[in-house]
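S.K.: Listed in order, the protein sequences are those of chains R and V. Residue 1 is where the first sequence starts when you use full-length UniProt numbering, and the numbers rise one by one after that. Residue 1 is where the second sequence starts when you use full-length UniProt numbering, and the numbers rise one by one after that.
If you're looking for bench data, these hints aren't it; they were derived computationally from the structure. Among the clues, some could well be false.
Cut-off 20 Å, straight-line C-alpha distance, at most; resulting in silico cross-link-like pairs (DMTMM-like, lysine to aspartate or glutamate) [as the list claims (entries may be wrong)]:
| id | chain 1 | residue 1 | chain 2 | residue 2 |
| --- | --- | --- | --- | --- |
| 1 | R | Lys373 | V | Asp612 |
| 2 | R | Lys288 | R | Glu375 |
| 3 | R | Lys388 | V | Asp409 |
| 4 | R | Lys388 | R | Glu299 |
| 5 | V | Lys730 | R | Glu130 |
| 6 | R | Lys100 | V | Glu650 |
| 7 | V | Lys365 | V | Glu650 |
| 8 | R | Lys362 | R | Glu299 |
| 9 | R | Lys388 | V | Asp612 |
| 10 | R | Lys373 | V | Asp557 |
| 11 | V | Lys212 | V | Asp409 |
| 12 | R | Lys347 | R | Glu327 |
| 13 | V | Lys730 | R | Glu104 |
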Amino acid sequence: MMNLSRSVALISLFLLPLLTFSFSVDNPTDRRVLVLLDDLSLKSSHSIFFSTLKSRGFDLDFKLAEDSKLALQRYGQYLYDGLIIFAPSTERFGGSLDSKSIAEFVDSGRDLILSADTSASDLIRGIALECGVDFDEDSSAMVIDHSSFDGDHTLIAADDLVKSHAILGKTKIEAPVLFRGVAHSLNPTNNLVLKVLSASPSAYSANPSSKLSSPPQLTGSAISLVSVMQARNNARVVISGSLQLFSDRLLRSSVQKAGSPNKYEKSGNEQFVTELSKWVFHERGHLKAGSLVHHRVGETDEPAIYRIKDDLEFSVEILEWSGKSWEPYVADDMQVQFYMMSPYVLKTLSTDKKGLFHTSFKVPDVYGVFQFKVEYEKLGYTTLSLSKQIPVRPYRHNEYERFIPTAYPYYGACFTTMAGFFVFSFVYLYHK
Amino acid sequence: MAANGSPKPEPMAAKKASPDLLNSSFSFKSLKLKTKQQELLLRVSILGLVYVLAFIARLFSVLRYESMIHEFDPYFNYRTTLFLTEKGFYEFWNWFDSESWYPLGRIIGGTLYPGLMVTAALIYWTLRFLRFFVHIREVCVLTAPFFASNTTLVAYFFGKEIWDTGAGLVAAALIAICPGYISRSVAGSYDNEAVAIFALLLTFYLFVKAVKTGSLSWALGSAFGYFYMVSAWGGYVFIINLVPLYVLVLLITGRYSMRLYVAYNCMYILGMLLAMQIRFVGFQHVQSGEHMAAMGVFLLMQVFYFLDWVKHQLNDTKLFQTFLRITVTSAILVGGIALGVGTASGYISPWTGRFYSLLDPTYAKDHIPIIASVSEHQPTAWSSFMFDYHILLFLFPAGLYFCFKRLSDATIFIVMYGLTSLYFAGVMVRLILVATPAVCLISAIAVSATVKNLTSLLRTKQKVPQTGSAKGVGSSKSSSKVTLDQSQPFHKNGAIALLVGVFYLLSRYAIHCTWVTSEAYSSPSIVLAARGAHGNRIIFDDYREAYYWLRQNTPTDAKVMSWWDYGYQITAMGNRTVIVDNNTWNNTHIATVGRAMSSYEDEAYDIMRSLDVNYVLVVFGGVTGYSSDDINKFLWMVRIGGGVYPVIKEPDYLVNGEFRVDKGASPKMLNCLMYKLCYYRFGELVTEYGKPTGYDRARGVEIGNKDIKLEHLEEAYTTSNWIVRIYRVKPPTNRL
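Please put together the full structure from these sequences, using the hints given.
M.R.: Written as structure tokens, this is what we have:
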């Protein structure tokens, strides 16, 4: 009876993540998203963006940022898998939310879309700073560009996008992306954050309504308009300097870059935000690795220890999440290291197109505690950092050659000396 | 030559060995059979008592604490012995240990002296065969006392060989309780030296016996003794250099004989071949500079033999003189060229640093900080000679006098052994151990000869009228002294007074030895004891607490970084992988750890990440006043780290050449990893009544940095008396 009830409890424990449609290792796409707005009118002014999310199956929970019942978790469990903060002017969140709890939300592996705008509050700047993004300190400053604009010089028509299929999808975004908002720069010591949409070299950040008294702090392509950050636990964050970027007005707007003959019926915004939201909510570029499998050539079981100069086979299964199911991941740049303080062997893995990456190599002539290491850091993809420890021992005393052909003269010398000594002793002792 | 004609019947026991005595003792044989039996009974019972005494004197530590392994190296020996008994000899021989020296690993079978482990395992298997189901730990704990007892037997036979049975008995008694030997052979001190001293003395005894008799079998025995010694301890280098030196001295003093030729050649060749079977030693006997003296003397011996033969063939002395000159010159030339070519081509390795530091005590200090940092490698203080030898220190010169009075091949040997080993004992504290048997033997000669002279003085006075004729047989100096003494009647009282003095001294010696054993040498140093305010004993069992915490609470593949002193204990008791341990074979690896400990936290973090460190363990005595902690060892970490990585500079940690931890300490010192880990949260603690918070009792100062923040590490465990502190290395921050 005891056993039965215990096993039932165990089974239900395992089933629990499957029963709830939530973010998990097996189903990494976010499902429940909290949207924080500082004005409920945003719900209608940004309805296209929200409805694309809804149509992809997300469960959006709209809340006012000042709502006093705001909470990200209850009883130690997170209520949401993703968070969209479209509340640039909010000075304080209601309820138990603050920048620290949002940082913890990201550190627990959950995703965030944060949008600032001109006159962004210190709270929003603080959250961005936690993710390695510095907004321009001047709260009235905007990005101004006198060469890449559409009509107004503060309405930037940006087309300097990051080249990554994982982040922005396979179809190229043809039309420029319209942007009106505040500039930010990236923390140079943080190598997890990167620019997705950069300003043109002629852009600068200043207050458009006043005359420039000193050279602007942020200029040119150092300015980032939209950035993403993938944390070490693969939580993803999008930080945009413009809330209007997501708005229906800019999504539907036509665009013609100043001085350019190309006029587009529709700006690139819709495609841009849709693809970006797919990336940030793990519908794309999310990899999963099985365990590292290795064994001697001709064997199937993993040994506890290798000997130097053993031939071994190594394989690892890597799958990509397509948004609905796990598909085999195909790439030709997956590498494995046989590592002890430095890589002794570095091999590119070949794939069978079914997700299995494999190679074989000879253990180097060095003993020690080695590691199989797969360090895969590809732009936009989940960082894979897998390692498995395996000791390598030298030869046993009976694994050396018993007789070395080159040493036969020595063996001969040895035995002839012995024989000679015997004969000599015999003759010396018994021959008068 | 060897007859001293004393009235005591000891020479009879020696008659088998020296036929000279046959004549003098033969007449006694039929008359005093009963006396002889009594004497034998007495001798055997004395030896038996000494045997038992040597064992039980070493049991203080078991009674005081418990049956446990002591100190640092014995834990490694215990771990390997355990492995040997569980997995068998071949697994042990081929053991590649991936739990130490991460990630390099260590080939245990090829880098240790297996003699001790094999001995203990054999005892264990024998006991099990006899149906005594003991735990291997008990065997390991009691191996050292058992071999100390055996050493007393060897000392008896050795003493008998170089002087007489009386000296042998005294030597056995002296060595049984000599603190210099007890310090390394108390129960629980399961180290190589425990069996090595036995092997050393046995080899010497058998070699002296072989030289004396010229017998191949004794020389073979000596070669086996040498093999056992090589398998047990690196100190065998002492034998392989002392024996050739001895032979050389005999050659120079014109004591060359066929006996010597047979003994040395047999012992050297067979000993060398046998020693090569130990993997750790391998081809060193033919390839290393430390062993070249033995080979040189071996060749010299052949030259001597050859010359002897030529001299025998040539009757012309003048011709022989020229021949001698040519042969000796060419032999030296050939030897010199061979040595030069061997060294230049790298076939013969030069002397190692350890060897240099033995010959020149200041060498290690300047060149090899890792050797100089070990406390037992420090030059010996005068007080420790007094402490370890007590009256032997005064008896030793007297014994030398007696040895010179009666020079023979055997006494020359013991004199040379005594003098060379005493020099080495002065260079390194731990080598007092090697000198101890020689000091005991020579002192025993002094005691025995003096007492014998004095008693014979007393006896002859009474017996002169009756046994004058019987005395006539003996013709040594003692009897001539006796005739001289008859004219001075008050010498009898003087002799009695001197005898009483000798016994008083010897009893003081026994008391001293017991006291030293119980107070100083029976501490396991893994469990510390202190006296409380009311005189009660306080036990600090923090080490084992910490190691068991590691064993129970950390992942099995966790890597622990600590200073190398604690490596063996962590692997043996904590069962976790360590970065460095007491087998200091890789200086760079140790220097890397030293560098991490003496860097700022963020620099240290990079080093620790590169070594996959999960936990950092430091030993801290600031709360208990335990002085051999990591802060006091810290300068050695800086020196060893700086020896390989010049970015670490010793002056950065000192203020005007002074090592401080208080407010006046250098900023680098106050912020380095070791300081932070030792004193983390220590600033909140009141350690002593009437002192400010953060008062370090080991150094007697208030610490200089009370507000320590750790960024990349977090406190995982601190033992009840703060002696061991364990920190967990945090993974890199998620968003930076």
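S.K.: Now tell me if each hint is right for this structure.
M.R.: Structure-based check of all given hints:
1. The straight-line distance between the Cα atoms of R/Lys373 and V/Asp612 is roughly 13 Å, inside the 20 Å bound, and the hint therefore holds.
2. For the proposed pair R/Lys288 and R/Glu375, the alpha carbon gap of about 13 Å is at most 20 Å, so the pair holds.
3. For a cut-off of 20 Å, the pair hint linking R/Lys388 to V/Asp409 is broken: about 64 Å separates their Cα positions.
4. For a cut-off of 20 Å, the pair hint linking R/Lys388 to R/Glu299 stands: about 19 Å separates their Cα positions.
5. For a cut-off of 20 Å, the pair hint linking V/Lys730 to R/Glu130 stands: about 19 Å separates their Cα positions.
6. Restraint check for R/Lys100 and V/Glu650: the C-alpha separation of about 42 Å exceeds 20 Å, so the hint is violated.
7. Note on V/Lys365 and V/Glu650: the hinted pairing holds, with a Cα-Cα distance of about 15 Å set against a maximum of 20 Å.
8. A hinted pair counts as satisfied when its Cα atoms are at most 20 Å apart, and R/Lys362 with R/Glu299 qualifies at roughly 15 Å.
9. This hinted pair checks out: R/Lys388 and V/Asp612 have alpha carbons roughly 12 Å apart, not beyond 20 Å.
10. Among the hinted pairs, R/Lys373 with V/Asp557 is consistent with the structure: their alpha-carbon atoms are about 16 Å apart, no more than 20 Å.
11. At most 20 Å may separate the alpha-carbon atoms for a hinted pair to count; V/Lys212 and V/Asp409 meet this at roughly 7 Å.
12. A threshold of 20 Å between alpha carbons decides the hint, and for R/Lys347 with R/Glu327 the separation of about 24 Å lies outside it, so the pair is violated.
13. A hinted pair counts as satisfied when its Cα atoms are at most 20 Å apart, and V/Lys730 with R/Glu104 qualifies at roughly 16 Å.
The structure shown violates the earlier hints numbered 3, 6 and 12.
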